[in-house]
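Following the hints, position chains U, G, H and F against chain Z.
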Amino acid sequence: MKNPLYQKQLNVVSKKTGLPPGSLVYVGDTTTSPTTISEIHYNSHQYNENIVPNLSESLLFSTKLDGVTWVRVCGLSDIKTIQEIGEQLHIHPLTLEDILNTNQRPKVEVFDQYIYIVLKKISNISDSLHVEYDQLSIILGNHYVITYEETADNHFDKVKSRVQKGTGLIRKLNADYLAYALIDSIVDQYFHLQESIDDYIETLEDELLFAPSHETLNSIHHLKREMIFLRKAISSNSELMTILLREDSSLITPDVKVYYRDVLDHAIRLHDSIDTYRELISGMLNIYLSVLSNKTNEVMRILTVFASIFIPLTFIAGIYGMNFDYMPELRWKWSYPLLWLFFIVIIIILLLFFRKKKWI
Amino acid sequence: MKNPLYQKQLNVVSKKTGLPPGSLVYVGDTTTSPTTISEIHYNSHQYNENIVPNLSESLLFSTKLDGVTWVRVCGLSDIKTIQEIGEQLHIHPLTLEDILNTNQRPKVEVFDQYIYIVLKKISNISDSLHVEYDQLSIILGNHYVITYEETADNHFDKVKSRVQKGTGLIRKLNADYLAYALIDSIVDQYFHLQESIDDYIETLEDELLFAPSHETLNSIHHLKREMIFLRKAISSNSELMTILLREDSSLITPDVKVYYRDVLDHAIRLHDSIDTYRELISGMLNIYLSVLSNKTNEVMRILTVFASIFIPLTFIAGIYGMNFDYMPELRWKWSYPLLWLFFIVIIIILLLFFRKKKWI
Amino acid sequence: MKNPLYQKQLNVVSKKTGLPPGSLVYVGDTTTSPTTISEIHYNSHQYNENIVPNLSESLLFSTKLDGVTWVRVCGLSDIKTIQEIGEQLHIHPLTLEDILNTNQRPKVEVFDQYIYIVLKKISNISDSLHVEYDQLSIILGNHYVITYEETADNHFDKVKSRVQKGTGLIRKLNADYLAYALIDSIVDQYFHLQESIDDYIETLEDELLFAPSHETLNSIHHLKREMIFLRKAISSNSELMTILLREDSSLITPDVKVYYRDVLDHAIRLHDSIDTYRELISGMLNIYLSVLSNKTNEVMRILTVFASIFIPLTFIAGIYGMNFDYMPELRWKWSYPLLWLFFIVIIIILLLFFRKKKWI
Amino acid sequence: MKNPLYQKQLNVVSKKTGLPPGSLVYVGDTTTSPTTISEIHYNSHQYNENIVPNLSESLLFSTKLDGVTWVRVCGLSDIKTIQEIGEQLHIHPLTLEDILNTNQRPKVEVFDQYIYIVLKKISNISDSLHVEYDQLSIILGNHYVITYEETADNHFDKVKSRVQKGTGLIRKLNADYLAYALIDSIVDQYFHLQESIDDYIETLEDELLFAPSHETLNSIHHLKREMIFLRKAISSNSELMTILLREDSSLITPDVKVYYRDVLDHAIRLHDSIDTYRELISGMLNIYLSVLSNKTNEVMRILTVFASIFIPLTFIAGIYGMNFDYMPELRWKWSYPLLWLFFIVIIIILLLFFRKKKWI
Amino acid sequence: MKNPLYQKQLNVVSKKTGLPPGSLVYVGDTTTSPTTISEIHYNSHQYNENIVPNLSESLLFSTKLDGVTWVRVCGLSDIKTIQEIGEQLHIHPLTLEDILNTNQRPKVEVFDQYIYIVLKKISNISDSLHVEYDQLSIILGNHYVITYEETADNHFDKVKSRVQKGTGLIRKLNADYLAYALIDSIVDQYFHLQESIDDYIETLEDELLFAPSHETLNSIHHLKREMIFLRKAISSNSELMTILLREDSSLITPDVKVYYRDVLDHAIRLHDSIDTYRELISGMLNIYLSVLSNKTNEVMRILTVFASIFIPLTFIAGIYGMNFDYMPELRWKWSYPLLWLFFIVIIIILLLFFRKKKWI
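Residue numbers (our numbering), protein chains in the order written: chain Z, 1 to 360; chain U, 1 to 360; chain G, 1 to 360; chain H, 1 to 360; chain F, 1 to 360.
One chain only, chain Z, in its complex shape (with noise of 0.2 Å):
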């Protein structure tokens, strides 16, 4: 059993062991994500999207120009570059350090002049229902936003377009609007997610009551387990809204913050939910248990009906198979139909004793 949300502990423990803190080392997969680093450059009326080769020439440094500026990270295993970003933009070297051990909790860290949030956002969920987490770090600056990625995925191409196309607010305010577009994405995954919990507990739940087996057990017990750690980075991403509201840097603007507040009170609902699903998930292993005592109650009832009929009679029919040569009653003409009319009235009366107890 691997915490997801942790899944790479292994890789930090000994690639990290007997450096200094502030040593920047990349705890996942080193070969499947080569760093590619794109910007976008945006004000309220023009949009700039380019691959950038070398930071220097980023646009991030042009003092000439106004409005914001997104810079994407997609994958982490070019070291060097992402120290040289760090350098330039002063970053704190623990920053660097927690974007690259990919196993942080979510959380916030206001820096004088960048607030750091790290995020974890889902990359893959599974028929069973297994979710896979990847880590998104987030760094908010002035006119800045930079976004750190595990992989290269699509998972920003709505946020992206919405820039592109101009649609709503999102180019005539700063970079803090455009990180809470991030962040509002990210927690809209955990909601497609919730819906797929629900259809899969009401599968569960039907199976449950009307035909439940081992297989029934193994899936309430996994679907558990994934509540433990989703609840895990679901309370953390609302931890987080609350900090980041709490705190009173200038680069959160109060027109921006309400939004934030909308994101918080979507994290709350979500871990409402999520608190919901384990209760239903605990009263289900005691359905299961009760269902399964009930079972065993029918399984006995069958038994007692047929062992406690057929026992005794079979024991009268013994004593006639006896061989003594004394034993009147077999000579008599009608003692073999009138055993027959015992043994019947005994089932009636055991049958409607059992039907009495409701056990048939």
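Treat the hints as calculated values from the structure; they're not laboratory data. Watch out, some of these pointers could steer you wrong.
Identical copies carry no separate label here, and so any pair may be met within one copy or between two of them.
Calculated lysine-lysine pairs in the DSS-like style (CA-CA distance at most 25 Å, straight line) [unchecked claim]: (1) 172 - 356; (2) 121 - 257; (3) 356 - 80; (4) 165 - 357; (5) 158 - 295; (6) 165 - 80; (7) 257 - 107; (8) 158 - 358.
Below, chains U, G, H and F without anything else, positioned relative to chain Z:
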């Protein structure tokens, strides 16, 4: 299993995909509830009620009148009209979005010009205590209250008739008192529900202790689930009242605050009751398991008594059914009656043994 | 299952339907408790007690007298009188409503002119520890205390006799001390209840460990339920005292506050006890299940011992009861005694086996 | 079941019925503990100890002496003397009442002239870990400490001998250090108890996993109950120390506060331990149930193996014991040995089947 | 069962009996760990390490040098030396006592001259995940750090080598950074432990779901117990870091505080993990019970199928084994084959019945 509080989840996500925040989309059923707007204007000496086809004719914008204007918007499918009202009254886009997205958690948001309140009202209770919820949005301004209801039902008829007849204080006080009266009528609804639950639990407890069945387990499970959702709804309500009382908005006067405190009191009492139900229900599951164990125990006792008495006797009978040539007992005249005596003694001894163990 | 704290729920809702808040409706049984008003006036050197037919003659409005006036209103069916008192003393309409609606949670409300205190007093304890509660409302003013009791019982006789005889400080201090004495006598009642519970649990534990039955389970379940309600009542009481101590009302002097702190102490001790009971009771349910499992295990062992010994033997006997023509053993002279020997050896071996397993 | 912390409950209620608050009644056993008062006076260079027959001769009232006076009151039956001390030192009547009512919760009350501390000390531990508690009241004044003990035992001998010999700081510091030393010795007592519990639980766990019996269940239940009471006692103690440290009384100097903090540390550690015990014990009940289930499962397996093998065989044997005239098999010469072969094959197949299921 | 965090409990009590607080007694094993003192002095351009036979020669008291001095005390049996160091550095007697009493809870105490930190470090992990803990005391002064270790192990080798080689910031910053580096290395240790637990739980879960045995139960129980202790250790650690960050001591500079915050983050993540483990383990016990119930159910089904089929048939066979003179069926030629047909039909019907019930 769908969470009845947020049952339109799926719609939101699919309908809102790719839209910027603040985009207005109604997530409910658009066909069933056409939007109708009615307006009630009153002060201590007069009362007017009329359907408003065009909002620009609303009394809301008439500066000549004093008194309170209550605008009722029933049905949320006509987004355009709702947006117009919003713009004319300077309502924040996020508030409008929340009004239409009927999956909100009950909450209070205090803006400069108005207070925005979201509540869950009970729209339907089925026989098996399945509760359905509707969202009610209240905007409390300086001299007006706007309510947004998902469907037009007769829920506010009593409040309306009080305004119309001028009973109590309602026409003497301002819009904050009207908002209180509306919220109070929502909370009262929950008390009705509570009575139904009281009766249902009483029935269930009797069933549980005297004739538990698989059906009982299902009922407990369903009740438990309803309680989880109900508790969320109620605890959000009382949380909301607490926030409303704490807020220092000039829109609620100290004289009226004492009434809000009264509603808070009711909400807390409801919350207490739900907690009590939860404890009772969780106790019931344990009782169910115990009763079931008890029944299995009883079944086993019956089986054991029958089997333990007759299996040994059958063995004895079997012995004298053997066909060995040299079995001297078979020839003795008193063997058979003596064996019967032996059987009876054995039976009596075992019956006494089981009686001593209190199994029969 | 009715919550005994709020047992008149149904009445409230049906009686109050459609009335504005502040409407006075008594929700209890109107026939059984006629309203009687008596008045006790005392100061350090004199004591008067009289029935007040007409409140305008009350000493409460006599400005010439110094000392404390205690007005006892027993029975709440005469709404008109209660409303008159309220108006004459400028009591808030919501307070009057709460006095009559006897389903309040215990609470404290501090107004400028008076402090309003609602308590639950124990009106009856049945043999099976079913507790019934009455509501007691106390209004503590500058030189007066008004108590509203649902029925006229002898509960305050001791306090009254203390006032009459002038024992202790009661006649030397102001109305706040009288209110304290009344609350203290209510809390003392709960200690009496606690003793009954102590005894009941002791009996139940013995029964549980030595002779558990279905009846025991019922008792545990009922006790558990009573504890849930009792705990609510007591925790509300101690919460109430905390609020009373925190409030900075001039109506309670610092000298008397130390007495209120003493009552708080008692309430906390009671709360501790109830928590202890709850833990004990929840443990008892587990014990019950364990004891039951133990008993089932024992039943099974007996069955297994009997069946495992005699079923194989019966099979052997069955073999030699077969009627094959060629069964040489049947002809040997020592077959029968040797078989008996075999039987006995088998029985001994199995008995030793079961003894080793500690089943017999 | 009596709560050993408040075991004299019954006495209080019956003895105090009808008395005003502040009435002094000793609720314990009046016959066994006569009141003796001894007095120890010391400063850095001298030490006096004497029995005080008459309090007016006490050094407490001698203004000429500097140093600390420790008055030990052992046995609380002599109410009159205790009242005299109280009056002479201006002790609040409620404090005196609490000293005599030995059912107090551990608590701290800070008055202007003194600090009143109530503690539970362990008076006896039985073999089965049944713990009895006594109440210890400490009054810490400016230059004196008064201790009220229920019985005269040797519990404070070590502290006394330290004072006498002048080891450590005790004679160099003021009364607050003496009070600390006394409280510390009480807390140390609990550590001794903790060791006994450690050993007891270790024994119980071994018994549980290797030879559980009904006795084990009883022991777990009793231990659990003791833990409930012990936890209350200890958590009250640590709560008390927290309050003492928070209070800004001039009676405890900052230099000595660091020692009180040390005691708090010990109390928290004890509290941690008890929590650990509770978790262990609650786990043990689950283990017990599992072990029991395991045993029942084993019993059932044995029964099933025996019955499933021999019942079908007996049926076969029964067939050939039938007396039909036309049963050709009966006549064949090899029928009997072939049938034995068949029996053996069946037995082997079933044994392999059960072996595969790991039942044997 | 000994709590491994406070395993030397017994020693303390017996060794300290009768001593005044502040008496220095080492409660651990005095024979195994002789006290050795080594000293490392460094600043940004130099590094010295030497064994200190006599503390008065220590660089700690040399006022001429700037830089940081790290004094390592390994083995706590030489009380005299430890007392000397304490006196020379004005360490409070209670701190010295706590250093020697290795049963402390992890804690922070801030004094004017130094900060005293107690941590639990992992000294050994057995194969069955039994963890042993050692106490580490750190005294952080203005330009020095003193560490007290119970035994001399290689735990700080990495930190030492970093100091020696001057990697990272360690030689550029003050003593507070050194203390951070030491604490960080302790916390890292717990991550290693966490990986072992991950693997262990994974194995256990597989065993549980596919081949549960009594051994599995034992393992779960032991794991649960270890988690209880581990959680205490870790939660104390994170609590400690919180206090350290909150404290406003000039000994920790703001620049270094960010590193302490990083350690806090790690500690919280560890705490999260342990909580997750606890939930998983508590779920595992339930699964175990369910799996067991399932198995018992299966055993019962097999028994019931065998018994319900063959007991009635045996009865039929028994009938025709009776020796009545007048049993006409016995004479009919087709009786026997017809009876076989009857047997087979019965068997098929019952098999279909059980198949329908999904028992076979």
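Hint-by-hint comparison with the structure:
| no. | hint | in the structure |
| --- | --- | --- |
| 1 | 172 - 356 | neither (79 Å within a copy, 68 Å between copies) |
| 2 | 121 - 257 | within (22 Å within a copy, 29 Å between copies) |
| 3 | 356 - 80 | neither (82 Å within a copy, 59 Å between copies) |
| 4 | 165 - 357 | neither (74 Å within a copy, 62 Å between copies) |
| 5 | 158 - 295 | neither (52 Å within a copy, 52 Å between copies) |
| 6 | 165 - 80 | between (34 Å within a copy, 23 Å between copies) |
| 7 | 257 - 107 | both (18 Å within a copy, 17 Å between copies) |
| 8 | 158 - 358 | neither (63 Å within a copy, 51 Å between copies) |
Hint compliance for this structure: hints 1, 3, 4, 5 and 8 are broken, all remaining hints hold.
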